[in-house]
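Student: Join the two chains into one complex using the hints; note that each chain is given alone, in its own frame.
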Amino acid sequence: RKEVEQDPGPFNVPEGATVAFNCTYSNSASQSFFWYRQDCRKEPKLLMSVYSSGNEDGRFTAQLNRASQYISLLIRDSKLSDSATYLCVVLLWGSNTGKLIFGQGTTLQVKP
Amino acid sequence: NAGVTQTPKFRVLKTGQSMTLLCAQDMNHEYMYWYRQDPGMGLRLIHYSVGEGTTAKGEVPDGYNVSRLKKQNFLLGLESAAPSQTSVYFCASSTGQGANTEAFFGQGTRLTVV
Chain A
954 RKEVEQDPGP FNVPEGATVA FNCTYSNSAS QSFFWYRQDC RKEPKLLMSV YSSGNEDGRF
1014 TAQLNRASQY ISLLIRDSKL SDSATYLCVV LLWGSNTGKL IFGQGTTLQV KP
Chain B
1147 NAGVTQTPKF RVLKTGQSMT LLCAQDMNHE YMYWYRQDPG MGLRLIHYSV GEGTTAKGEV
1207 PDGYNVSRLK KQNFLLGLES AAPSQTSVYF CASSTGQGAN TEAFFGQGTR LTVV
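Note that the protein sequences, when read in sequence, are chains A and B. The opening residue of the first sequence carries number 954 in my numbering; numbering runs sequentially from there. The opening residue of the second sequence carries number 1147 in my numbering; numbering runs sequentially from there.
The shape of chain B in the complex, shown without the other chains (with noise of 0.2 Å):
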């Protein structure tokens, strides 16, 4: 019973560095979201899915690329890391629109940029 899965958990990057963050569900959600949480700001959206192979931009989208190339698969990509990055990202996925939906979220993954 995987539900979201992130991978990977922890990460430390030298500035410049570029790596992928993966997000993985088994509960065949249309929609998915990366987002950061830093230090009493809550979570901000990066960018979000709404079904395969579309993206769209969320509140923080500058120094992020990704991708939906398969339904189950949603991956954030940093070009070139600054320590601005450093933050918890978290993925999740939900069923889409309507007032009982429910996103689920992965564990989230500790990234930090020296």
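Here chain A stands alone, though its shape is the one from the complex (with noise of 0.2 Å):
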């Protein structure tokens, strides 16, 4: 089992729709959790760390649940320009410091 899941998709949605993102991890370990954005055959790239109380950042809002070891993004309003992979990502602590695990990403892609 991957220690981060998510679901592949694709996500096909029209312009403003809100569409949401789900995450889940296995180690318990985990410290830090992160959002990144990949678009087609370009590096990863943050699009927001995800806070245990939740965060917002414009459209986008970000949720953790530890006791559920369970990740969220969710995006309003959906533009053309969001079409990318959404990447869920967690940083280890303990024995594993400094081990930065990726999911194999949500593929979005946002018709007019």
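A few of these clues could be false.
As the list claims (entries may be wrong) - Okay, the calculated beta carbon distance ranges per label pair:
{"no.": "1", "chain 1": "A", "residue 1": "1065", "chain 2": "B", "residue 2": "1199", "range": "49 to 59 Å"}
{"no.": "2", "chain 1": "B", "residue 1": "1164", "chain 2": "A", "residue 2": "1019", "range": "39 to 49 Å"}
{"no.": "3", "chain 1": "B", "residue 1": "1243", "chain 2": "A", "residue 2": "975", "range": "24 to 34 Å"}
{"no.": "4", "chain 1": "A", "residue 1": "954", "chain 2": "B", "residue 2": "1155", "range": "28 to 38 Å"}
{"no.": "5", "chain 1": "A", "residue 1": "975", "chain 2": "B", "residue 2": "1162", "range": "36 to 46 Å"}
{"no.": "6", "chain 1": "B", "residue 1": "1203", "chain 2": "A", "residue 2": "954", "range": "31 to 41 Å"}
{"no.": "7", "chain 1": "B", "residue 1": "1229", "chain 2": "A", "residue 2": "954", "range": "25 to 35 Å"}
None of these hints come from the bench; they were simulated from the model. The model shown is predicted, which means the values in this text are computed figures rather than measured ones. The beta-carbon is built from N, C-alpha and C at its ideal position, and this holds for glycine as well.
Tutor: So, in structure tokens, the structure goes:
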């Protein structure tokens, strides 16, 4: 079983839709959590960190549930430019300190 | 403003050949990573380093070796390339711990083993 799991999609949504991505992680030593965005054949870039209290950045909202080991990303009012692959990322602590693990990514296609 | 630089960007190898991929960062980051990305597989961690002179195994270390002799450089070696190592390789660096840690990536190396 992968340490970080995501629904690979693809999610095909119309412009203006709200879409939610989910992610689960298996290692309880997970310390920090992130969402990265990757455009086709490009390097991943940080979209946002995920805090225990939940956090929002414009149209993007991230949630973390440590008890359920579950992370989510909500995108409101989808734009064509949101089309990309969204990667759930976990930074480990303890004996694996510094290990940065990626999920397989969820592909989003926003259509006119 | 280089950030993370990977060389080479493209390479074709014959089965059994060896090569070294170089990753260089100019941000004075402690942590560095090597990933491979295959279709539908996301990024899989090969090896990583939490400081100069240290290395650790990731999720898929077999067939690869790494060295971190200088803080700014992280080398990935393939001793005897196999077709299964055909992939896109990404290097990344970060400051390390914490919720605000951001990993910065190089542009990738596209490796084909024939």
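Student: Does each hint hold? Answer for all of them.
Tutor: Going through the hints against the structure:
1. For the hinted restraint 49 to 59 Å between residue 1065/A and residue 1199/B, the CB-CB distance of approximately 53 Å keeps it satisfied.
2. Range check, residue 1164/B to residue 1019/A: about 44 Å between beta-carbon atoms, so the 39 to 49 Å window is met.
3. Distance hint check for residue 1243/B and residue 975/A: the Cβ-Cβ separation is about 25 Å, which falls inside the suggested range of 24 to 34 Å.
4. Between residue 954/A and residue 1155/B the CB atoms are about 34 Å apart, so this pair conforms to the stated range of 28 to 38 Å.
5. Taken as a hint, the range 36 to 46 Å holds for the pair residue 975/A and residue 1162/B, whose Cβ atoms sit roughly 43 Å apart.
6. In this structure the supplied range 31 to 41 Å is violated for residue 1203/B paired with residue 954/A, their Cβ-Cβ distance being about 18 Å.
7. The hinted range of 25 to 35 Å is satisfied by residue 1229/B and residue 954/A, whose Cβ atoms lie roughly 27 Å apart.
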